[in-house]
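**Student:** Position chain X relative to chain S; hints supplied.
Number of protein chains: 2
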Amino acid sequence: MDWGAIDRYAKSLIKEAGHRIRVSFAGKIQIDTKADANDLVTDIDREIEQFFISRIRRDFPGHRILGEEGFGDDVRSTEGVVWILDPIDGTMNFIHQRRNFAISLGIFADGIGMLGYIYDVMADDFYHAYRGEGAYRNDERLPRLEPVAVEKAIIGINASWVAPNRYIDHEAVGRLVADCRGTRSYGSAAIELAHVAAGRLDAYLSMRLAPWDIAGGAVIIREVGAISTNLRGEEPDMLSSDTFIAARQGLHPSILDRYIRLKQT
Amino acid sequence: MDWGAIDRYAKSLIKEAGHRIRVSFAGKIQIDTKADANDLVTDIDREIEQFFISRIRRDFPGHRILGEEGFGDDVRSTEGVVWILDPIDGTMNFIHQRRNFAISLGIFADGIGMLGYIYDVMADDFYHAYRGEGAYRNDERLPRLEPVAVEKAIIGINASWVAPNRYIDHEAVGRLVADCRGTRSYGSAAIELAHVAAGRLDAYLSMRLAPWDIAGGAVIIREVGAISTNLRGEEPDMLSSDTFIAARQGLHPSILDRYIRLKQT
Chain S
10 MDWGAIDRYA KSLIKEAGHR IRVSFAGKIQ IDTKADANDL VTDIDREIEQ FFISRIRRDF
70 PGHRILGEEG FGDDVRSTEG VVWILDPIDG TMNFIHQRRN FAISLGIFAD GIGMLGYIYD
130 VMADDFYHAY RGEGAYRNDE RLPRLEPVAV EKAIIGINAS WVAPNRYIDH EAVGRLVADC
190 RGTRSYGSAA IELAHVAAGR LDAYLSMRLA PWDIAGGAVI IREVGAISTN LRGEEPDMLS
250 SDTFIAARQG LHPSILDRYI RLKQT
Chain X
10 MDWGAIDRYA KSLIKEAGHR IRVSFAGKIQ IDTKADANDL VTDIDREIEQ FFISRIRRDF
70 PGHRILGEEG FGDDVRSTEG VVWILDPIDG TMNFIHQRRN FAISLGIFAD GIGMLGYIYD
130 VMADDFYHAY RGEGAYRNDE RLPRLEPVAV EKAIIGINAS WVAPNRYIDH EAVGRLVADC
190 RGTRSYGSAA IELAHVAAGR LDAYLSMRLA PWDIAGGAVI IREVGAISTN LRGEEPDMLS
250 SDTFIAARQG LHPSILDRYI RLKQT
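Heads up: the protein sequence lines correspond to chains S and X, in order.
Here the first sequence is numbered in this note's numbering, starting from 10 and rising by one per residue.
Here the second sequence is numbered in this note's numbering, starting from 10 and rising by one per residue.
Here chain S stands alone, though its shape is the one from the complex (with noise of 0.2 Å):
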């Protein structure tokens, strides 16, 4: 397999639909509603993602793609190549706020993450990752991050984990809120696991993503040693939703051990 070409495709393909995205604004979005009155989807997000299908079925036709809004591939197991895509993650900062959202992209072979993008398109911020190959912004390399105590850390984790809800004890996020340095919340998953690599957050965490959520970002954050698991501890799985964290190590046992008390679900 030629990652090397893979990776240049990929570059390309995320940078024309940044470009597709931005000029989306001029006309009028339209806006429905999935699952529940807040999960919010646009025809923009159904058109860049049959956009990318079209592409990558056109190039690499053994490949298959797992896609948020189900144009693409039913991928019930991790074999060969596996594109895991959203085409516009945070999709209400994209309706309220026409920025802080990204295209998230893994490319994943037979399970392992091979190559990461997230691309924050109204900020330009272009964060991809090849695995062993270290990650980067832009051009720039992204160091390896240094471990960081609870107590001087700065966690992405949306208000509403610790308000009760059926995933976990709200009560020991409260703890974990009150201990910390701060709390951040940007409304996108993938913008949040790009500060993770960056360094701008120490450790995001949720109490339900899914595989396009996670996938880019997961090969971006090993490359800067930070870890990724659900909050059991366990290695993302990128068949099915589930809780997250992604940190720097040491607060990674830290957070889970003294801080997350998961109900049974």
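Worth flagging that the hints you see were computed from the coordinates, not collected in a lab.
Owing to the predicted nature of the structure, the values given are computational and were not obtained by experimental measurement.
Please note that a few of the clues may not be correct.
If several chains are the same, the list does not tell them apart, and a pair holds so long as it fits within one copy or across any two.
What the hints assert, rightly or not - Below are the EDC-like pairs computed for lysine to aspartate or glutamate, each with C-alpha atoms no more than 20 Å apart in a straight line:
#1 K161 <-> D41
#2 K20 <-> E56
#3 K37 <-> E155
#4 K43 <-> E160
#5 K161 <-> D48
#6 K161 <-> E149
#7 K43 <-> D188
#8 K24 <-> D148
**Tutor:** This is chain X only, laid out in the frame that chain S set:
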């Protein structure tokens, strides 16, 4: 008073300060703590405040200056012209992220906010307003904000206010978090107020802000028809720290009535 001339002067001063901050990243930043371990201050915060003060004292000797770092005047009344300055709002972001911080400045005359500025230095986004003349992001006029219901609102609120705290009934805040469309937290009051002004957040709440955190933003958001008060619904006090909410009309009373239960402090 020639407010047009003061406006041009203030804009030029803020841009020069922004340049000095960007240049400061080339050197080493000295970090100290203030009241508690997470209340950070750097030599750059101090230098930038001193830069503002020396210029304002030279060119507007009759004006007074209230600044976060305390190099200004001992301002105990709102009489005359008062420049209310935060040289770097979001110091934790400045240190940990090297972005997502802002210069915040409000210029008040006998307690009335006449001019407001928020400069997101690294994004080079400059929000400004002159009382009665509308608010702008760079050269683009910001439109008046339409009302929005809690259920469709994106609210800027830090997770720490959903955890037990001494200011507010955190369970009621947890219901707000559950009922609204989504929450975000950016770690800079000035930047969150810029987001409210630009319609990217529908409201922003905090349990503890100082005049310099809100002075610039309060002038700006008024020009797009949003409201800022403390959490008892009173006009913000520009002489002491207090609770704070900025929100679109309609949303402001809904949040106060339905979700805010202040503790006696």
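**Student:** Hint by hint, note whether the structure agrees.
**Tutor:** Verification of the hints:
no. : hint          : verdict
1   : K161 <-> D41  : between (41 Å within a copy, 14 Å between copies)
2   : K20 <-> E56   : within (18 Å within a copy, 42 Å between copies)
3   : K37 <-> E155  : between (45 Å within a copy, 18 Å between copies)
4   : K43 <-> E160  : between (39 Å within a copy, 16 Å between copies)
5   : K161 <-> D48  : between (34 Å within a copy, 12 Å between copies)
6   : K161 <-> E149 : neither (26 Å within a copy, 39 Å between copies)
7   : K43 <-> D188  : between (36 Å within a copy, 18 Å between copies)
8   : K24 <-> D148  : within (14 Å within a copy, 28 Å between copies)
This entry does not satisfy hint 6, going by the numbered hints stated previously; all others are met.
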